[in-house]
Structure formats: C-alpha cells, structure tokens
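Following the hints, position chain B against chain A.
2 protein chains.
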Amino acid sequence: MTHKDKRVNVYLEELASSSATPGGGSATALAGAMGAGLVSMACRLTVGRKRFADVEDELQGVLDEAEALRLRLTDLADADSQAFDQVMAAYRLPKETPAQQTARHTAIQSALQGATQVPLETALACGAVVRLAAQVIEKINPNALGDAGAAALLAEAGLKGAQLNVAINLAGINDPIFVQQANEELHTVLCGIDKDKERVFAVVSGHV
Amino acid sequence: MTHKDKRVNVYLEELASSSATPGGGSATALAGAMGAGLVSMACRLTVGRKRFADVEDELQGVLDEAEALRLRLTDLADADSQAFDQVMAAYRLPKETPAQQTARHTAIQSALQGATQVPLETALACGAVVRLAAQVIEKINPNALGDAGAAALLAEAGLKGAQLNVAINLAGINDPIFVQQANEELHTVLCGIDKDKERVFAVVSGHV
Numbered sequence: 004m005t006h007k008d009k010r011v012n013v014y015l016e017e018l019a020s021s022s023a024t025p026g027g028g029s030a031t032a033l034a035g036a037m038g039a040g041l042v043s044m045a046c047r048l049t050v051g052r053k054r055f056a057d058v059e060d061e062l063q064g065v066l067d068e069a070e071a072l073r074l075r076l077t078d079l080a081d082a083d084s085q086a087f088d089q090v091m092a093a094y095r096l097p098k099e100t101p102a103q104q105t106a107r108h109t110a111i112q113s114a115l116q117g118a119t120q121v122p123l124e125t126a127l128a129c130g131a132v133v134r135l136a137a138q139v140i141e142k143i144n145p146n147a148l149g150d151a152g153a154a155a156l157l158a159e160a161g162l163k164g165a166q167l168n169v170a171i172n173l174a175g176i177n178d179p180i181f182v183q184q185a186n187e188e189l190h191t192v193l194c195g196i197d198k199d200k201e202r203v204f205a206v207v208s209g210h211v
Numbered sequence: 004m005t006h007k008d009k010r011v012n013v014y015l016e017e018l019a020s021s022s023a024t025p026g027g028g029s030a031t032a033l034a035g036a037m038g039a040g041l042v043s044m045a046c047r048l049t050v051g052r053k054r055f056a057d058v059e060d061e062l063q064g065v066l067d068e069a070e071a072l073r074l075r076l077t078d079l080a081d082a083d084s085q086a087f088d089q090v091m092a093a094y095r096l097p098k099e100t101p102a103q104q105t106a107r108h109t110a111i112q113s114a115l116q117g118a119t120q121v122p123l124e125t126a127l128a129c130g131a132v133v134r135l136a137a138q139v140i141e142k143i144n145p146n147a148l149g150d151a152g153a154a155a156l157l158a159e160a161g162l163k164g165a166q167l168n169v170a171i172n173l174a175g176i177n178d179p180i181f182v183q184q185a186n187e188e189l190h191t192v193l194c195g196i197d198k199d200k201e202r203v204f205a206v207v208s209g210h211v
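Residue numbers (our numbering), protein chains in the order written: chain A, 4 to 211; chain B, 4 to 211.
Treat the hints loosely; a few may be bogus.
When chains are identical, the list treats them as one kind, so a pair holds in a single copy or across two.
Pairs of lysine to aspartate or glutamate, DMTMM-like flavour, derived with a Cα cap of 25 angstroms [unchecked claim]:
{"#": "1", "residue 1": "Lys53", "residue 2": "Glu187"}
{"#": "2", "residue 1": "Lys198", "residue 2": "Glu141"}
{"#": "3", "residue 1": "Lys142", "residue 2": "Glu16"}
{"#": "4", "residue 1": "Lys98", "residue 2": "Glu141"}
Source of the hints: derived by calculation from the structure; they are not laboratory data.
For reference, chain A alone in the conformation it holds in the complex (with noise of 0.2 angstroms):
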C-alpha cells in the first residue's frame, strides 16, 4: 500500500517503527505537501470574492501549481521509500566472487543516484512552494495569513531536510560528475529561499 493510502495514524505507527521505511525523506516530502496544501487553502480562501478580484487570475494560477506540488510532493513521499528500498537491496546483494562484487558494487551506486534524485526533486518541489508563499503573502484574504506562514514554515523544513537527504546519499556516490551537478541543482533550488520565508515572515508578523 502507498503512504498517501494509509491512515495518518498508521503511517505515523511506521515512521516510529524500526523499519527503514518510511524514514526522515518520506516525512519531509510530507511535510512539503502540507506547505503546499496550505498554499492552496489560502488561495481558495481569496478566489472567488469581490473584494479581491483584482487578484484572482494570478491566484487562481498559484492555486494550480501548488496543487500540482501538493500532488508531486505526496508521490515523492512514497517514491523515497521505494529509492531507499532499492538501495538497500543493492547492499543485501552477494559478494563472494570478484565478478558478484563488481555487480554489487555497480548496483549500489546506480541505486544511490536514484535515492539521491527523490530528495532533490523534493527540494525543488518545497522551494517551489516557499516561492509561492512569498509570492502570494501580501495579496491573499488576511484571515489566511496563519495558515500561509505554517506553508512556508513546513515547507522549508521539507526542503532543509530534503537536503540532508541528498547529502547523506551524495557522500556515499563516487561519480565525480553526478556529485557536482547534484550540488548545482541544490544551490539554484536553495538561492532566495531565505529571502523569501523572512518576505512572507514579515508580512504576517506585520498583521499579529
């Protein structure tokens, strides 16, 4: 069974458990696909009336994105799981003969890159989502502000914890060239992100 079909609760009971599945990658992605979700609450709760008609059509396109990421962000919660499984797999496998090791060595590796491919797609999905925050912060319905400041909030621990992720995997991955694109896609996701969680800080602090 995917994550996003079981219960809450009993998705919380396998976190807690000592299987390696779901980890700290799956509950990131998580918590980005909260970020997102609240996005999208916050939109809904501005489209539609008068008062704001000025910016619905821009609203009502961040409403699509981040509902495409909450969707994304909730596949990428399941697909870590299935990454770190493979990997895994890969370390379970025979290494006798010379000829078992270089497949298992080979297999390793490729299964690393994959696990490390999850977490940065979910860096770039909740750095998606802050930017959304930021973007929409000062034009969305005010009673929303709360829950527009807990998206960025979650979404930036998604993304932290993302990161973590792809350097615990990059640290494993002996591919010169994998590394250090891996690392440039990082830095552009991470490049303004800071700037725009204390953008969207400042406006809701602005309304306590």
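Then chain B, alone, in the frame of chain A:
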C-alpha cells in the same frame, strides 16, 4: 472522523480545501508528530544492539517519551481543528440585542483562549521533540542520523508554526493576564531551542 483516522491523501485534500479546518495549526501539530515518530525510529534502530548497550537504558527512556509526544501531537492536530471550529461558532452568534452582544463577546473570548491553549501545548510538545533529538544525537545508530536531523527540522517547524498561531489568537484576547501567561509559557519553550537544533545539525553534518 478524526484527522488521524483519515487517509493521508484525504487529510491533505481537506487541508488544501477552502474549509477553515484543518488548517495551519493542525498541520504544524502533525509535522511535530512526524518529528516525534522519527526520534522513536532513531531510538528503535539503536536499542537492543550490542554495540549500543551502554546507552540502552537512556534511549529506551527517550523512546517512551517520544512515543507519548507523537500520540499527544497527533491528538493536538484534531484538538486544533475543534478549537478553531468553536471560535467560528462564537463569531456566528447573534449580536442584535445588548444581551446578545455581551454573550457573544464572552463566547468569543472564551473560544479564543481555548484556541490559544492548543498551539501552546503543540509548541511545548514540539520543543520537547527537538530537545530529545539533541539529547540522543551523539548516541544513536549513525544509520539514523538523517532521520534524527529530519526530526529536529520538522519539530522546529511545528514549534514555530504553533508560535505563530498563539500570536494570532492572543491578538484577539482582551485579558492581559492570560496574554502575559501565554507569552511567558512560550518564552520558556523557546529558551535554548536554537542551541539544541544547532547541536543536532553539528553532529549530523559531521557525519555527512
């Protein structure tokens, strides 16, 4: 149906909907619950293994605390929605006669105090999760360092989100003693939390 009995998917859809609950308060409590679950996971990947025998008792104690916090935060995700629904109900009370206005004012103030208590408890529990992560970070199975790092990030986001919701509710409360006590409680929770989080990250980064 309680949030914890819903499928992850359904909860996220409801979060993204224009319905006022679940909202940011519920999502931040669930982020804290995921953080607590990841502390439990890190402890369970450590206890019962010979090479970690010297920290067995301490980690078993932390595991028990983390599990209690996980269940508490899961319940707070529901309590937040209920408390917010009561605020909304109080605002909808009739306000035509002076007697109705007085009754409505009293109901709103009482509901706002209830709606402040929930994020205060969420902040307290999330702060406890960050502290547990800091307590065990140098003692757990190194395989679980990424999970413990994610735990600290998610619980910190939960704490800050809860802090935001406390501030938003306090802004509407007239009783200065209640406001002061709530702010003092929050101050106690926040004290030392940044150092605890930095400690977690110094150890995790040292292993990457």
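The hints, checked one at a time:
| no. | hint | in the structure |
| --- | --- | --- |
| 1 | Lys53 - Glu187 | neither (44 angstroms within a copy, 41 angstroms between copies) |
| 2 | Lys198 - Glu141 | within (15 angstroms within a copy, 32 angstroms between copies) |
| 3 | Lys142 - Glu16 | between (39 angstroms within a copy, 23 angstroms between copies) |
| 4 | Lys98 - Glu141 | neither (58 angstroms within a copy, 31 angstroms between copies) |
The structure fails to meet hints 1, 4 from the earlier list, while all remaining hints are met.
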